[in-house]
Amino acid sequence: MEAFQKGADGVYVAGCLEGECHYLTGNLRAKKRVEYTKKLLDEIGVGGERLEMYNIAASDGPRFAEVAREMHEKIKALGPSPIREALHKKKAA
Amino acid sequence: MIVAERKPIEEIIGFVQNCKKILIVGCNECVTVCYAGGKKEVGILASALTMAFMKEGKELEIKEVTLERQCDPEYLEELRGFIDEYEAVISLACGAGVQFLAEKYLETPVFPGVNTLFMGVTEERGVWSERCQGCGQCILGQTAGICPISRCAKRLLNGPCGGSTKGKCEINPELDCAWQLIIERLKKLERLDDYETLIPIKDWSTERAGGPRKLVREDLQQ
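Those sequence lines, one after another, are chains A and B.
Here the first sequence is numbered in the working numbering, starting from 1 and rising by one per residue.
Here the second sequence is numbered in the working numbering, starting from 1 and rising by one per residue.
Please keep in mind that the hints were generated in silico from the structure rather than gathered at the bench.
Bear in mind that the values here come from a model prediction, so they are computed numbers and not experimental data.
Possibly wrong hints are sitting among the right ones.
Computed list of lysine-lysine pairs in DSBU-like fashion (alpha-carbon distance at most 35 Å, straight line) [stated by the list, open to error]:
| hint | chain 1 | residue 1 | chain 2 | residue 2 |
| --- | --- | --- | --- | --- |
| 1 | B | LYS154 | B | LYS104 |
| 2 | B | LYS58 | B | LYS39 |
| 3 | B | LYS63 | A | LYS91 |
| 4 | B | LYS58 | A | LYS31 |
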């Protein structure tokens, strides 16, 4: 939420692969919380699609890069977040 | 504990849409435990409201405070020094806390940020269910520790009714029949004979039927 409030166009949470988390079910709980936050972002008109959760193994660099590119493309297609635009307008005023 | 859930953001925005400076007050007790109105939820709501206002090109200054309890005057006093600086308060306490805050600060509009649901328990993480309706005359001693007032849809004192099927209630197939639970527990406790003792007609005057209730303990009063 803080990242969006500061103008982030998108945020992704990278958790461990399911079943392979050091914190056992930490990544599964994070997934549910991300779902909750997506709904909240929808409710306030920022758009839940700007937030995603990915499961990436810590050693899987190529997958990390792939996800980063995927998210980048997605955010580019969505355009700037309404909060970023509001911050820009405020700065310009 | 008292179980509550956050109101839809849209409804909360409606309360403060014309404000520029508000106070969000959380409560460290029940609503913290059920993730509806503790410090964390105060922060999330503040963030959500800030963004909702920014999106509309408006600014909203928010102060976040979480009190130990909102149902005790000494904690509400902590707001005395600065509450007047704000146009409105959103309280994330249960209905009791919201009202007590409003009673103590008559000059400031106070709005509820949660819907207060029931007195209940945490069945598992993220699941709460009702256990008590505060009827004022507890009969759990006769019902094997299972409350037919809060858990039987008809609040039957001598159940089950004809709508009980395979241990489930007719109003919802997911809902356990409280009287089935009572009978099973009495069996386990080898107290099934107690089931034959009829529970007399209840005096509902100690429940809501008698109007708003009050408890006075003279030994504790100052």
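Hint check:
no. : hint                  : in the structure
1   : B/LYS154 <-> B/LYS104 : violated (38 Å)
2   : B/LYS58 <-> B/LYS39   : holds (25 Å)
3   : B/LYS63 <-> A/LYS91   : holds (23 Å)
4   : B/LYS58 <-> A/LYS31   : holds (32 Å)
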